[in-house]
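Each of the two chains sits in its own frame; use the hints to bring them together as a complex.
Given next are the chains, with one letter for each unit.
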Amino acid sequence: EPEVTQTPSHQVTQMGQEVILRCVPISNHLYFYWYRQILGQKVEFLVSFYNNEISEKSEIFDDQFSVERPDGSNFTLKIRSTKLEDSAMYFCASGYGGNEQYFGPGTRLTVT
Amino acid sequence: SQQGEEDPQALSIQEGENATMNCSYKTSINNLQWYRQNSGRGLVHLILIRSNEREKHSGRLRVTLDTSKKSSSLLITASRAADTASYFCATDVISGNTPLVFGKGTRLSVIA
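First to last, the sequence lines map onto chains A and B. Take the first sequence: its position 111, counting from 1, is numbered 478 in my numbering, and each next residue is one higher. Take the second sequence: its position 84, counting from 1, is numbered 88 in my numbering, and each next residue is one higher.
Chain B on its own, in the form it takes in the complex (with noise of 0.2 Å):
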């Protein structure tokens, strides 16, 4: 089945660090999307890149999506504490209402 799946699970780094989190899935996509979600809270939409995009820049935030190898990278760079959360990928493969598929996730810890 479709999935997005991240790496590394666990992701510890200091902080003013860039962390880069990495996501692959399985079948061809429509859009990759990125969320954020704080311990026990809601997800937090970061950022989508569209399947014929191939970066995309939000503030700190850099994705890039490589469709050959079916794989995205989300960057960030100046790190802070307040960016410790996890990190998901979610994949969808048509267009309108569509539901995402999610990946188990990043845990990224920033030290101050």
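For reference, chain A alone in the conformation it holds in the complex (with noise of 0.2 Å):
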């Protein structure tokens, strides 16, 4: 069964680095979406992209993001200088547009 899957499953940075979290959607989706959950604490909604493009995003998904897709395959949340309060578990998922979202497995982000 085709699912999402996300690298690295952890990742460990100091504070005011730059990361880049990857995923390859399920391949014959179209929508695809980043999610973050503080630990202990709600999923939340951080961005969706539809056909190149931004759809929506949350007030989490500030200037310090980013996303892209840079091939037919992978997706990627780019965070430009972490804080603290960037560590997560930072999920992706994708969708075909009847609204059921598969999810990766989920980079646990740890920022130092």
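Simulated from the structure, these hints should not be mistaken for laboratory data. C-beta: ideal position from N, C-alpha, C; glycine also. Heads up, a few of these hints could be off.
Claimed, not checked - Only part of the chain A face toward chain B is listed, based on derived beta-carbon distances under 10 Å:
1) Pro369
2) Gln373
3) Tyr400
4) Ile405
5) Gln408
6) Lys409
7) Glu411
8) Phe412
9) Leu413
10) Ser415
11) Phe432
12) Ser454
13) Phe458
14) Glu467
15) Pro472
Shown next as structure tokens:
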């Protein structure tokens, strides 16, 4: 069964450094998402992406964040200058437009 | 804001018993979905119920939706130790590329 994959599974970085989180969505899906979950808290929406552009973003998704689909398979989330409060699990999800979203296993980002 | 809020926050049952988790939300929805998350892992899509549906089954899972009360329930029958996880409801308001809004989840422990 096809699934969303994410790399790395765990990323440790120092405050102020740039990180890129990678995702490979399910191949025939057209909609792509990033969510995050701070430890012990709700899963929160960051951004959605369709037709090679951002379609919606939350207040969390400020100028420090960017997304890209550099080729036909990868979908990346970049955080330019990480802060301590960016420490969280970051989930990529994809969907075909029927509203079901399929999530990857997540990348645990630890900012020290 | 539109939110899914689950109750109870935590539920502990014996293997073989049924587990019922509830979700309430505040605004009109298009769909409601239930996800499972094992500790520190990704979100697994369980079931989607549309706003014009009242009940849906998938294996040992039964989901109900009452749009007049803005609530949903997830019933897991004949629970197993492997069902131990957190369960989240997530709602969306329109079709297609719409972000999901998650509740805080119910932590289910099934004791063998």
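Going through the hints against the structure:
| no. | hint | result |
| --- | --- | --- |
| 1 | Pro369 | violated (13 Å) |
| 2 | Gln373 | holds (8 Å) |
| 3 | Tyr400 | holds (7 Å) |
| 4 | Ile405 | violated (12 Å) |
| 5 | Gln408 | holds (8 Å) |
| 6 | Lys409 | holds (5 Å) |
| 7 | Glu411 | holds (8 Å) |
| 8 | Phe412 | holds (4 Å) |
| 9 | Leu413 | holds (9 Å) |
| 10 | Ser415 | holds (5 Å) |
| 11 | Phe432 | violated (15 Å) |
| 12 | Ser454 | violated (14 Å) |
| 13 | Phe458 | holds (6 Å) |
| 14 | Glu467 | holds (5 Å) |
| 15 | Pro472 | holds (4 Å) |
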